[in-house]
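Engineer: Listed below are the residues making up each chain.
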Amino acid sequence: MAITHVPVPGWSEPTAAQRLELLERTRSIAIVGVSTNPARPSNFVATYLMGSSADYEVFFVNPSLTEIFDQPCYPTLEALPKTPDMVDVFRKSKDLPIVANEAVAIGASSLWIQLGLWSVEAAQIALESGVEVVMDRCIKIEHARFHGGLHRAGFDTGVIDSRRKMNKR
Amino acid sequence: MTERNWGFRTRSLHAGGRPDSATGARAVPIYQSTSFVFEDTEDAADQFALQKFGTIYTRISNPTINAFEERIASLEGGIGSVATASGMSAEFLTAAALAGSGDNFVTSSALYGGTHTLFDVTLGRFGVEARFINGDEPEAYARSIDAKTKFLYTEIIGNPSGSIPDLDGIAEVARAHNLPLVIDGTFSTPYLCRPMEHGADIVIHSATKFIGGHGNSLGGVVSESGKFDWGSGRFPSMTDPVASYNGLNFWENFGEYAFCTKLRSEQLRDIGAAMSPTNAFLLLQGIETLPFRMDAHVANTKLVVDFLDDHEFVSWVNYAGLQSSPYFDLAQKYMPRGPGAVFTFGVKGGREAGARFIESLQLISHLANVGDARTLVIHPASTTHQQLSDENLVSGGVTPDMIRLSIGLEDIEDILWDLDQALHRVRR
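Sequence order for the protein chains is A and B. When you line the first sequence up against the working numbering, it's residues 1 to 169, in that order. When you line the second sequence up against the working numbering, it's residues 1 to 428, in that order.
Isolated chain A, as found in the complex (with noise of 0.2 Å):
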């Protein structure tokens, strides 16, 4: 997914180290743009965030959905019965924006864009109002790097560390 990483001012990508201590502090995760669809990413990542690989209190956000996964789907952030810690965004690149004045409305401590996805203007509304922003990552790709799940696939997680310590979230 090469998409251009046009530079927001005053901000720099989260390193890893950054990430992962961002995934060990949320606690709860609402996954605005969540699909019934099992192939569709979305799925995919709110499978993995409720299953045992991670452990999150997940919401779930989409307008035309009542119900997911045996829980309620609410229209709006506004709407979710408690402030989610993250929003998680599964969404066209022009709606980007009005997600993230959404999530700063309710009280969100971060802003989580999915991978494939990119928004300059998203990323200043959020990062004015003091909310974390990640871009153009996936969500479950990145728990999995510091988890064990990637390096379960064969892939290279970028972490040495000699001590025997396993997170769990």
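Think of the hints as simulated: they come from the structure by calculation, not from any bench. Don't take every hint at face value.
To be verified - Partner residues are not named here, just some residues of chain A that face chain B (Cβ under 8 Å, in silico):
#1 M50
#2 S52
#3 K94
#4 P97
#5 D156
Where a beta carbon is used, it is the ideal one built from N, C-alpha and C, also for glycine.
Given chain A, work out where chain B should sit, using these hints.
Structural biologist: Just chain B, lined up with the frame of chain A:
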């Protein structure tokens, strides 16, 4: 954790080999198990649907093999790797992932004889056409490309011709046509050359050779850069729904991880050419000393090459590290530490003298392999390349009097002594 760029030697020892989470074992344990128990039925279903990373069955994935794969990916500078039973199966899996009946690929003719036959005969029987070009000129690749071409292929050091392609030039042709460039790096190893740094997209190794380095285990490995655009429309198997995985689409679901995911979960799954966990362990042991061994292989090779080049009973020596080699400049550019430890030479007196020379060697082993810690010798025209016609022999750079040496790590005085006594015995 820091965002540190670890050195090559550090990664040779550590990449992919964190202490075992269950036991704390510092060395990578050998997980000699065909299968792995699921947590529950949901876990099983998620793993089978690729919705969860995991270990199901050693044909597809195994913890010891994973350590080998991540270590190679790290050293190669790729996004990931898939290990296979042998170098040949690594080539077959790659071709099977990229091409199907009616497709073609463009390849150098200066290849290992077994690869030439795989491409020409076996893939030909499946309807995949190998378009062999003479030499490695980038323009020759460009001329053979058409709408059904799926990849470009060459060896970074031709076996046994010693030819070195202009990687940058071929990579430019590949990029201009949205085609992946596949490089066999067996003779150079990631220590001497990392083709992805010169625009290659996929790198294949026979790990049996210098990577393992001890002549005890077969293995192969395919690495990918993660930078190739598989969404151009030229690779429908990367972008069409996959029926065996609930209609997912590799490119959309896995992005830069798509090629390796497909290679593992389709080609390795279906073709079954998996590496054994014990071999993965032995090959990992080899990788730990790869930088040190390659430096020593190259140092010994330079001395042997100089010795033979000056020898009165030797008619010619072909090593890209020799200034007289037509590949000297390319070797300096792509392999500044030295163009490996395999080269060829001719004994005065031709084919018969060559046979007597090989039979007179005492220390050097006459066998069909390269990249052992021991020095090896063979006569390609009657062995590794005997499957080829005379015409293919010539286009592959193999002459009837050619003798191939793979220089090992013995004391240099002993290697030189053995070569010298055998050369003299030919004359008696």
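Engineer: Next, verify each hint and record whether it holds.
Structural biologist: Results for each hint:
no. : hint : verdict
1   : M50  : violated (10 Å)
2   : S52  : holds (6 Å)
3   : K94  : violated (19 Å)
4   : P97  : violated (23 Å)
5   : D156 : holds (4 Å)
When held up to the earlier numbered hints, the structure conflicts with 1, 3, 4 and fits the remainder.
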